[in-house]
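2 protein chains.
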Amino acid sequence: MRTEIENLGEFGLIDHLTKNNEIRNAGTILSVGDDAAVIDQFGRQSVITTDMLVEGIHFDLMYTPLKHLGYKSVVVNLSDICAMMATPTHITISLALSNKVSVEALEEFYEGVYAACDKYGVDLIGGDTTSTKSGLVISITAIGEVAPDKFVTRSGAGDKDLICVTGDLGAAYLGLQLLEREKKIFLENPSVQPDLQQQAYLVGRILKPEPRMDIIEWMNEHAIFPTSMIDISDGLSSEVLHLCTKSDKGCVLYEEKLPLHPDTKNIAMQFGVSATTCALSGGEDYELLFTVKHEDYDKVARNSNISIIGYMTTIAEGKHLITTGGNKHQLTAQGWNAFA
Amino acid sequence: MRTEIENLGEFGLIDHLTKNNEIRNAGTILSVGDDAAVIDQFGRQSVITTDMLVEGIHFDLMYTPLKHLGYKSVVVNLSDICAMMATPTHITISLALSNKVSVEALEEFYEGVYAACDKYGVDLIGGDTTSTKSGLVISITAIGEVAPDKFVTRSGAGDKDLICVTGDLGAAYLGLQLLEREKKIFLENPSVQPDLQQQAYLVGRILKPEPRMDIIEWMNEHAIFPTSMIDISDGLSSEVLHLCTKSDKGCVLYEEKLPLHPDTKNIAMQFGVSATTCALSGGEDYELLFTVKHEDYDKVARNSNISIIGYMTTIAEGKHLITTGGNKHQLTAQGWNAFA
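From first to last, the protein sequence lines stand for chains A and B. Under the working numbering, the first residue of the first sequence carries the number 1370, and numbering increases by one thereafter. Under the working numbering, the first residue of the second sequence carries the number 1370, and numbering increases by one thereafter.
A couple of the hints might just be wrong.
The list treats identical chains as one, so a pair stands whether inside a single copy or across any two.
[What the hints assert, rightly or not] Using 27 Å as the maximum straight-line C-alpha spacing, the simulated DSS-like pairs for lysine-lysine come out as follows:
id, residue 1, residue 2
1, K1529, K1615
2, K1469, K1388
3, K1388, K1577
4, K1502, K1552
5, K1553, K1436
6, K1388, K1436
7, K1488, K1388
8, K1388, K1668
9, K1577, K1626
10, K1697, K1519
11, K1488, K1502
12, K1502, K1436
13, K1553, K1519
14, K1577, K1668
15, K1552, K1662
16, K1469, K1662
For the record, the hints were derived by calculation from the structure and aren't laboratory data.
Between the sequences and the hints, there should be enough to build the whole structure, so can you do that?
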C-alpha cells in the first residue's frame, strides 16, 4: 500500500508521524505541535525551534541575494521563538551545498546570518556543512529562554478573546509576485533591467522580514500576556485556524480590520487580485497573530503596531470572515503548502 | 574572484566562515569547533549538536532500510553528545522529501527514530517537514545535559596522556564496501540475491551504529575524567589529528594496538586492503577517542571495551604511527571528506 504525502498535507503528515511520540523526560514541557518546543532545564525554561529552507521550494537564488537569504533564514526561526513570547539566544546552522556555490557566495550568506545575530543578540554556536548533488538546503535550529511557564502556546485562546495581529499583511506575497514577474521579463529579454525601486516596501517584506521582538518587549513592559500566539508564515487564515483548532474555538474576522499597507492595495489592484486574499493566504509576513482577554482591549488598542481584527467564539459558532459588504464567509486555509 | 569549496575542505570552510563569529551571550561557554556547543542555562549546562545527512552523499536508499536510516540519523547526533561526556535528552528532526517518498516509507523511518529515542531515553520535541525536488535530506539537532564544567572538549590533551579508543575500528567501512559490492552485483544481474548473513557484524556496524553511552556511564561511575574526547565519524587518523591540533600536541599511535574485529581482518584480506588503513581512514565507527592522564592507566586498562593505542607528545615531536614492523610513519588525515 502506498499513501502519497500530499494526501495528508504538511500538518496532517506531522500529526500522523508523531501520534505515537512518547515523552520520557519530566523536563519536556511542550513537544511537537506549536511554534517551538519548551524544555525545563534546571528550573528555567528553554524554547527550541527548527526550520528547513530548500532551494527551488522556499527561495529562488535568481532574485534572492545570498546576504538576504542568510538573514531571512535566521529571522524565520527567531520569529518562531518570539511567537512563544521567549527571547532568542542561540542558533545552529546546517548547510547542504553543491559545488556550484563558491566560498565567496557562502561568505555573503554568512554576512546575512551574522547581521541577524548581531541585530537580535543571538550567538551562532554550531552547525554542519556537507555537499549535495542538487540545490542548497539550509536547516537552522534556534534556542531561546523564557521565565518559567511564561511561554505562550497556540492552545489557550478563550471564547470572546480579541484576535490581534502586528504590522500589516499580504505585502510579502506581493513582493514575491513582483520578483517573479521581473524574473520572467528578464528570462525573456535579458537586456531589460528590473526596476523595483518604486516597490522597495513590498520587495523588502519578502527578502528581509524581521521577527517582532519589539512587540514581545512591549508586551513584557506593559504586562500583556496573550492567551494564545502564533507567527504568520503560511498566511493569516491558516494561522487563525491553527489557533482555533488547538484552542477548540471558533472565530470571527472582519475584512475591514485587516491591516494593509497602501503599496499592498496598489499592487494588488495592478495584479488584479484582492488585497484581502493576499492578507489571508499570502504568507511569509512573519507578523504575530495573538489573542488577548477582552479586558486588555484598551492596552492593545493604544499600540499603533497592533490591529484588532476579530474575536474568538465557541467552536459551535464556526470560523468566519465578515466582508466589508457585510457578507459572512466560511474561513478556509489556502495558505502556502509545501506539498501542494 | 571565485574560490572553490573543495580548496578549503569541510573543516577549513567552517573555520573560514566562523572566524569572525562573535559571542554576545555570557551563557555561551563553548561555540563552533567541537563535537557540540555548550551553553550555560541558569547555572546548569546544556550541550547542543547538529548533523545533516544527504541522500547520495551519506546514504544510499538502495541498501539502507529506512528504519535503520532513522535510527542511525539519531545515533550520529547522540554520539556527538556522548563525546562531550554529556547525556542526551532531546532531539528535533527536519526532513526535505521528494514526492517519491510515501507515507509508509516515512513511518518506517520514524520507527527507527523512535527506537533510538526509546533506547537512549531521548524525547523528540520538534522539527520541520518540507518538500524537495531531489533526494532526501535529514537534519537533526540533539540537546544534552552535563554537570557544570564537566564537559570534555577536544583541546585538553596533555603531553604523555594516554590515547584510548572504545570498541573496534574499520568494521563500518568494510560493511559499506560489502553493501556496495552487492549493489553492483544486483544492478548487473537482478536475479542474484545478496547474501550478507555471514557478514552481519560488519553490515550491522554501518547500518546500525550505537553511541557509546555505556562508556560515558562507566567513566562517570569510576570517576574517570578524560582530558580530551571526540567521536570517530571520519576515521581514526582524522580524529586523532583534531585532538592534536586543538590541544597543540603531537602523538604516537601503535599499529599493533588498534582494535580490529576478526571479521574486519578477514574481509579486509578478501578485499585486498589493509585492515589498519580501514581503521585509520574508514570512518563511521562512532566509537569514542579520548585521552586520559597517565595515572589513569590501571583504571582504563581494566575495561575490555577500551584499547590504549598510543600517547600524546609535544607538538615538536610530530604525529606518528609506529607500524607492527617497527617503522615510523607520519600520520595524515585521509578520512572521508564530503567535498572530495
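- Message: Flag every earlier hint the structure violates by its number, smallest first.
- Response: 8, 10, 11, 13, 14, 15 and 16
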